[in-house]
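Novice: In the order they appear, the protein sequences are chains A and B.
Going by the working numbering, the first sequence opens with residue 29, and the numbers climb by one from there.
Going by the working numbering, the second sequence opens with residue 506, and the numbers climb by one from there.
Hints listed in this document are in silico derivations from the structure and should not be mistaken for laboratory results.
Given the structure is predicted, the values throughout are model-derived calculations rather than measurements.
Worth double-checking, as some hints may not be accurate.
Within a straight-line C-alpha distance of at most 25 Å, the following computed SDA-like cross-link-like pairs (lysine to any residue) qualify [as the list claims (entries may be wrong)]:
1. A/K185 - A/S108
2. A/K185 - A/R154
3. A/K99 - B/V541
4. A/K162 - B/R560
5. A/K162 - B/E542
6. A/K162 - B/T640
7. A/K162 - B/G607
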Amino acid sequence: MAASCCSTALFSFSRPNTSYGVVSSSSVSLSLPQQTHQFGLSFRAQRRLEARKSVRVSCIGDNKTAAVTGKSWDKLVLDSETPVLVEFYASWCGPCRMVHRVIDEIATDYSGRLKCFVLNADNDPRIAEDYDIKAVPVVMLFKNGVKLESIVGTMPKEFYVAAIERVLAS
Amino acid sequence: MRTLQASTSYSIGISSVGPPAPPTRHRHGIVAQGVVEPTEKSVEIMRKFSEQYARKSSTYFCVDKGVTSVVIKGLAEHKDTLGAPLCPCRHYDDKAAEAQQGFWNCPCVPMRERKECHCMLFLTPDNDFAGQEQTISMEEIKETTANM
Ligand code: SF4
């Protein structure tokens, strides 16, 4: 899985991306809806900010964030002293790959303050069922072994950042 | 007590459905993190289906055709293993039962009723991720998924 970066970059933008105000990723005061919808597609207004930015040129199989499995779950997630982010995905889930890229960035941005992992729900059905995973991707945030946030769907980076900031501040 | 440990659960007994798998190839996710490639035939069927259904529903593929390609391959993989193109963007306790039930077979009920495709295969034009294309070639699919 840890393929090196590819030559098949995705330059498939079909519209110019000039007219969108980009909110810096440190801004956490966006007025995002509090409710977690089933599907990310309901977040059109928020996504407008980030859509162009997050559809970024990157290789699709290039997943830098470490994996967590059922075996390592307790140790890496529940017993962690640092807050933990876990992205649940499925092998052939296209939008999960977009979220992977965002999580890879977040892992770098929050290095030392937040641990980031991905979990393949197909390979670890027990954990997926424990956390009632239905639609993927799902991003969950844990602190002291407790799940504090759960974000279903494909969201702009700001949305995850806002949730992380809430967890870090809690 | 918790249920069955990984990899042994939903894959049992499904392989009788659909075309006979080549003997050397194990279709089910026993290989940790291993991504089993769908057959080219099924990819082609799902590619065609996706183009047709996009036109029919006036929806568009994602600006990032990599997303489209992965989903098409996921549908094809389910078609190979389950006999039906079960949505690849969900987790199921029992894939075989789910495929039989049909709610999440592509195009799923939310897509047919409300044009909601959380897999981002079929996007309405007002969606920020929607591109302007309703076609995708086999080459594009291969290219954008080459590194998986
Ligand atoms: S969400 Fe529905 S329409 Fe979209 S790929 Fe999945 S099954 Fe098909």
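Novice: Each hint should be assessed against the structure and marked as holding or not.
Specialist: Against the structure, the hints:
1. For the proposed pair A/K185 and A/S108, the alpha carbon gap of about 24 Å is at most 25 Å, so the pair holds.
2. Taken as a hint, the A/K185 and A/R154 pair is broken in the structure, with Cα atoms around 28 Å apart against an allowance of 25 Å.
3. Proximity of A/K99 to B/V541 is assessed by CA-CA distance (about 22 Å); at most 25 Å being required, the pair is judged to hold.
4. A C-alpha spacing of about 28 Å is found between A/K162 and B/R560, which places the hinted pair above 25 Å, so the restraint is violated.
5. With a C-alpha separation of about 23 Å, the suggested pair A/K162 and B/E542 falls inside the 25 Å cut-off, and the hint holds.
6. With a C-alpha separation of about 29 Å, the suggested pairing of A/K162 with B/T640 is violated against the 25 Å cut-off.
7. The straight-line distance between the Cα atoms of A/K162 and B/G607 is roughly 15 Å, inside the 25 Å bound, and the hint therefore holds.
Violated hints, listed in ascending order, are 2, 4, 6; each of the other numbered hints is respected by the structure.
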